[in-house]
Amino acid sequence: MAGRLPACVVDCGTGYTKLGYAGNTEPQFIVPSCIAIKESAKVGDQAQRRMMKGVDDLDFFIGDEAIDKPTYATKWPIRHGIVEDWDLMERFMEQVIFKYLRCWAVYLMGKLEPVCIFLIPPDH
Numbered sequence: 001m002a003g004r005l006p007a008c009v010v011d012c013g014t015g016y017t018k019l020g021y022a023g024n025t026e027p028q029f030i031v032p033s034c035i036a037i038k039e040s041a042k043v044g045d046q047a048q049r050r051m052m053k054g055v056d057d058l059d060f061f062i063g064d065e066a067i068d069k070p071t072y073a074t075k076w077p078i079r080h081g082i083v084e085d086w087d088l089m090e091r092f093m094e095q096v097i098f099k100y101l102r103c104w105a106v107y108l109m110g111k112l113e114p115v116c117i118f119l120i121p122p123d124h
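Take the sequence shown: its letter number 49 is residue 49 in full-length UniProt numbering, and every next letter is one higher.
Think of the hints as simulated: they come from the structure by calculation, not from any bench. Treat the hints with care, since some could be wrong.
Straight-line Cα separation of at most 20 Å, SDA-like style, residue types lysine to any residue; simulated pairs [stated by the list, open to error]:
1) 18 to 102
2) 18 to 82
3) 69 to 8
4) 18 to 61
5) 99 to 84
6) 99 to 39
Based on the sequences and whatever the hints tell you, model everything.
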């Protein structure tokens with residue numbers, strides 16, 4: 001285990017997502033579990049958004065930044081503890097991993113180490 005970086009811990013909840021590193025006593029970040037996207041009047045549901053690819057995919061904000069964007073549609077991809085919109089959740093997690101936790105692919109002794117391992121909580 002010597003020389004290994006601490007594991008990232010992400011707890012996605014309906015209202016807030018807690019982010020940090022294994023071994024710490026409390027999370028480094030607590031952000032609202034929301035995402036703000038540009039949305040036209042005609043394009044709003046998950047199936048239609050999937051068809052729109054390109055630069056619009058990069059035009060989004062998460063957490064407190066999402067709440068502060070009145071010209072964007074604020075979405076909550078998790079409802080009652082269940083992910084309802086996996087496309088938005090994927091974007092949300094990309095920002096969590098790369099922007100907040102600053103995780104990148106790690107090579108140790110010539111081998112690519114996994115960045116994320118997802119586990120189901122024991123009560124599910």
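Contradicted hints - numbers only | Going through the list in order, the structure violates hints 3, 5, 6 and respects the others.
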